[in-house]
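**Student:** The chain contents come next:
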Amino acid sequence: MINRDTIVALFVLAVTVALYISLSAFNPDAVVFIRVIIFAIGALAMLLLVQSLLLKRRMGWRGVGQSSAVDKKDTDSRSAGFAWKPVSIIFISILVYFYVMEFLGFYVSAFFYFVVIVFILDLHNVTIKKSLIKIASAFIFTLVIYVLFNMILLVQTPRGILI
Amino acid sequence: MAEFLQYLPEAFSITNLITLVLGVIGGLLLGATPGLSPTMAVALLVPFTFHMEAATGLILLGAVYTATVAGGAISAILIKIPGAPANIATLLDGYPMAEQGKAQSALYICFISSLVGGIFGMIIMIMFTPPLARIAIQFGAPEMFWIAIFGITIMAGLSSGSIAKGLIGGMFGVLISTIGYSPVLGVPRFVFHDVLTGGVAIVPALIGLFAIPQVFSMGEKLGITYSRPKYKPEKGVLIKTIIANLKMVKALGIGSLVGTVIGVIPGAGGQVAGLIAYDQVRKFDRNPEDYGKGKPEGVAVSESANNAMVGPSLIPLLTLGVPGSPTAAVLLGGLLIHGLFPGPDLFIKHPDVTYTFIGSLVLAQIAMCVFGILLSRYSYLVMSVSNLYMVAAVTVLAVYGTYSVQNSFDDVIVMFGLGTVMYIGSKFGFSSAPVVLGIVLGPIAEDNFLKGKMIAEASVGVWKYFFTGYANIIIILLCVGSIGYSIYGEVRMHRRGKRSREAMS
Chain A
1 MINRDTIVAL FVLAVTVALY ISLSAFNPDA VVFIRVIIFA IGALAMLLLV
51 QSLLLKRRMG WRGVGQSSAV DKKDTDSRSA GFAWKPVSII FISILVYFYV
101 MEFLGFYVSA FFYFVVIVFI LDLHNVTIKK SLIKIASAFI FTLVIYVLFN
151 MILLVQTPRG ILI
Chain B
164 MAEFLQYLPE AFSITNLITL VLGVIGGLLL GATPGLSPTM AVALLVPFTF
214 HMEAATGLIL LGAVYTATVA GGAISAILIK IPGAPANIAT LLDGYPMAEQ
264 GKAQSALYIC FISSLVGGIF GMIIMIMFTP PLARIAIQFG APEMFWIAIF
314 GITIMAGLSS GSIAKGLIGG MFGVLISTIG YSPVLGVPRF VFHDVLTGGV
364 AIVPALIGLF AIPQVFSMGE KLGITYSRPK YKPEKGVLIK TIIANLKMVK
414 ALGIGSLVGT VIGVIPGAGG QVAGLIAYDQ VRKFDRNPED YGKGKPEGVA
464 VSESANNAMV GPSLIPLLTL GVPGSPTAAV LLGGLLIHGL FPGPDLFIKH
514 PDVTYTFIGS LVLAQIAMCV FGILLSRYSY LVMSVSNLYM VAAVTVLAVY
564 GTYSVQNSFD DVIVMFGLGT VMYIGSKFGF SSAPVVLGIV LGPIAEDNFL
614 KGKMIAEASV GVWKYFFTGY ANIIIILLCV GSIGYSIYGE VRMHRRGKRS
664 REAMS
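Going down the list, the sequences are from chains A and B. Numbering (the numbering used here) for the first sequence: 1 to 163. Numbering (the numbering used here) for the second sequence: 164 to 668.
Extracted from the complex, chain A is given alone in its bound form (with noise of 0.2 Å):
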């Protein structure tokens, strides 16, 4: 089985090159640094993959983030350290969030970005007190953002069609 850390090594060192390359685009004098800076990531992807190849296999060490027989009875439900549903939502959620509060504005995307997030991560613990909790959090927390942001520290935030 490849090693994590092999598979990151030659990721980065793909990444580099690729990065060198698009560097043609550019007025050579103003890369100069960013050449040497690829150069010092390249040779450090080096490091790592033979770090990954070599030495961690010699000495036994596994890659950082690898699961261990010990900590794999922890992520077997969580496939593998990363619970995707939830993060899948909330990252779903914020996407919507911007492209809403281009069209609402701040305070009230930020409402209904709450509201959202707090019943769609929580679905299976609906009830109406608890429903009642979250929207009445989402108001007070938009409510007290809104006194502070703009009627005390007058900052201006995204405009929409309302606020």
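Pairs of lysine-lysine, BS3-like flavour, derived with a Cα cap of 27 Å:
| id | chain 1 | residue 1 | chain 2 | residue 2 |
| --- | --- | --- | --- | --- |
| 1 | A | LYS129 | A | LYS85 |
| 2 | A | LYS129 | B | LYS384 |
| 3 | B | LYS590 | B | LYS243 |
| 4 | B | LYS413 | B | LYS243 |
| 5 | A | LYS85 | B | LYS590 |
| 6 | B | LYS384 | A | LYS130 |
| 7 | B | LYS456 | B | LYS413 |
| 8 | A | LYS85 | B | LYS384 |
None of these hints come from the bench; they were simulated from the model. Keep in mind it's a predicted model, so treat the numbers as computed, not measured.
Keeping the supplied structure of chain A fixed, place chain B upon it in accordance with the hints.
**Tutor:** For chain B alone, kept in the frame of chain A given last:
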């Protein structure tokens, strides 16, 4: 010292005092909240300071930094989860004390010891920072270049499990800092999209790299519930605890001394200070076997050590412009958005702001102790806040913080993009701190590299200019030493892991 006393009254102005108190209370609450690291708390607050006077803004950040380190002990003592890495040693005896029904005592010891250690560290900082700055002002382009590289090497080694990954992260941070227009020729580099035209600003990078991975990480831990021992505050405990605490001279002395020494070493951090001090006091005790079972000295030594570290950890930042810890890197961002460039001439160009900031840190230690004790009886409420609400609140604050600096939605997109990539990177063993350091120190390294290269080509040659001279050689040796020490630490950690796995099998 004379200049410090000259500017100290500035810290007592009404605005600054109110800011300091709010910062301390906010810092204690944020520090006590599991899942909110001090670095992320300070990073989220940096944009708030943008609309304040420079000194007031820095007072807020300094107060939050001081208070979050102590506030992290609350969750360590009550629910066995350190609010910050600096509080790891605190839970070894703090939690057993709470289990024995002495949570109130443990919390009081924590804040009193933090005050003792914090004041000791601040005295050392006030005494040594200006003289060191006077030495550092002699540095030219090559020395400053090597100092920037040194900054990346120290953070790379200590904040990641792998030195190679830490350095790769740091170097990627430097690459990110080069996006935008070249400082010498003014031509664009890596501007693949309009969003990147202005380059990557520090505040969006700080918030993205620290807050967004934390948001995803909190999302992963939604199902976790914390068990907490019963905590019922009683009257009359405070006086008894103060008397008992002040009798722990050995623990407080060792903690303060170790914390101060470790704090000066860039990158070493509070967790190292706490654990080393804890280990030392145990070795010097007649009954070392009592530690780990609820011994008050264990709490006193670790808390005095991690707060003694706060002041000295800012010495490299204020004298060299090299942040000594991830939180110091965020504070550097706070300085930069006010047009203050940390380094040797900060004390000459902006003595008012610098000395007021230092003075306020001393006051923050006192306020932290007073409000810590007052708030500790309600601290269990903070830990009732679910990760569910934190996910939503931190995201909104991250968006606000990023947008408000330049009123740019592009910055918000850059912040979220960097944060998402960092979260994926964290799954492969990369950490945020070296990347942030790279972004912060990258421009210093590039400017001084190019400046030095031009001077060198017109005089003695690049090799001789960058690799000779006492200061250059000393800093290069420090870089090599820093990497060597990190490799040693990595090898030792893996050998220990291998031995324990063999013992288990």
